[in-house]
Amino acid sequence: MNLAEVTGSVAAIGYGLAAIGPGIGVGLVFSAYIQSTARQPESSRLTIPYMWIGFAVIEALALLGVAFGFVWMGDL
Amino acid sequence: MLGQAIALPQSEFPPGVEDFYLPTVVPWEGTGYWVTKITLLVWVTVAILIIFFLTAYRNPKLVPTKRQWFAESIYGFVRNNIAVDMIGHKGVRFAPYLTTLFCFILLNNLWGIVPGAQISPSSHIAFPAILAVISYVLFIAVGVQKHGIGYFKHAVVPPAPGFILPLLVPIEIFSNFLVRPFSLAVRLFANMFAGHMLLLVFTLGGFAMLNATPLLAPVSLLSWAMTIALTFLEALVIMLQSYVFVVLTASYVQGALADEH
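Quick mapping for you: the protein sequence lines, in order, are chains U and E. The opening residue of the first sequence carries number 194 in this note's numbering; numbering runs sequentially from there. The opening residue of the second sequence carries number 1019 in this note's numbering; numbering runs sequentially from there.
I should point out that these hints are in silico values taken from the structure, not numbers from a laboratory. Any given hint might turn out to be false.
To be verified - What follows is a set of in silico ranges between Cβ atoms, one per label pair, in the way DEER data are often shown:
1. U/E198 - E/P1232: 24 to 34 Å
2. U/E235 - E/P1236: 16 to 26 Å
3. E/L1072 - U/G209: 42 to 52 Å
4. U/V203 - E/R1085: 29 to 39 Å
5. U/G207 - E/W1087: 44 to 54 Å
6. E/V1197 - U/F263: 15 to 25 Å
7. U/G220 - E/P1078: 42 to 52 Å
8. U/S202 - E/K1171: 42 to 52 Å
Note that the structure is predicted; figures quoted are calculated from it, not measured. No residue lacks a Cβ here, since even glycine has one placed at the ideal position from N, Cα and C.
Using the sequences provided together with the hints, build the complete structure.
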């Protein structure tokens, strides 16, 4: 008897799990930017490029999940 | 393009990688692809950029015309807000490259939401990969020009106590010379790929539900409304990704130009 049978690809579940970390990370980046701007509004222009760099580097993790999901589709 | 629009209701529902390989526009002997929509869009992008910037600056006025003002503000934005802010006053000599990169990526990405085109050439890994290779060669060349061959030592040996170096040096090599070009390419590619896929899921999902039973027609309408909303999200992602690509290139160049620790 199969209680919980899963057929087909479970890649979507895997990607959902993989997106948790980058989700938290991106949230931390923007929260740090908002906090620093609230404390010191004149620094907002100075920190914008660093915010985007941090965002992009963290976001790359989630996007690797998208890419590898297709690369290894059905192989593993 | 019209043929695709007519074929839309009959498309298979879960969209996949094969949806990115569009039929060839100009047929070629055998089954090979020759000129596809992707090729055409890249040519149009290049043509628009060349013609726009040439005509905008052919006869510059002291009081700029609208077109000249627009071209100058794009260049000014990249020069002041990216090149000079990230690299410093030495960054001005990289502003032309960064501006070209920014405009090319922005226009290429924009095809993803232009009605009638609706697919971005950047959603094929080849274009982001070549752009990433150009930036990679650029920042290494700049580093070698500035520090000589010692640039590689400068780039991979951080100022740290000797006993930790066997751990740090491989990490630095991995992150500076392998991850950087790879992540530049994959970031742009995956954003455009995922964006196109997202729009396909909601468009084709609406048709799939409508084909299943007419009772689901309201949900189909909701699904298509979601497509429109997501198109605006895509517009945001498109701007952001072209900005991020250029900012990261500038930051790598800045790292290569930095003085010894």
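Checked hints:
no., hint, result
1, U/E198 - E/P1232: 24 to 34 Å, "holds (32 Å)"
2, U/E235 - E/P1236: 16 to 26 Å, "violated (51 Å)"
3, E/L1072 - U/G209: 42 to 52 Å, "holds (48 Å)"
4, U/V203 - E/R1085: 29 to 39 Å, "violated (53 Å)"
5, U/G207 - E/W1087: 44 to 54 Å, "holds (49 Å)"
6, E/V1197 - U/F263: 15 to 25 Å, "holds (20 Å)"
7, U/G220 - E/P1078: 42 to 52 Å, "holds (46 Å)"
8, U/S202 - E/K1171: 42 to 52 Å, "holds (46 Å)"
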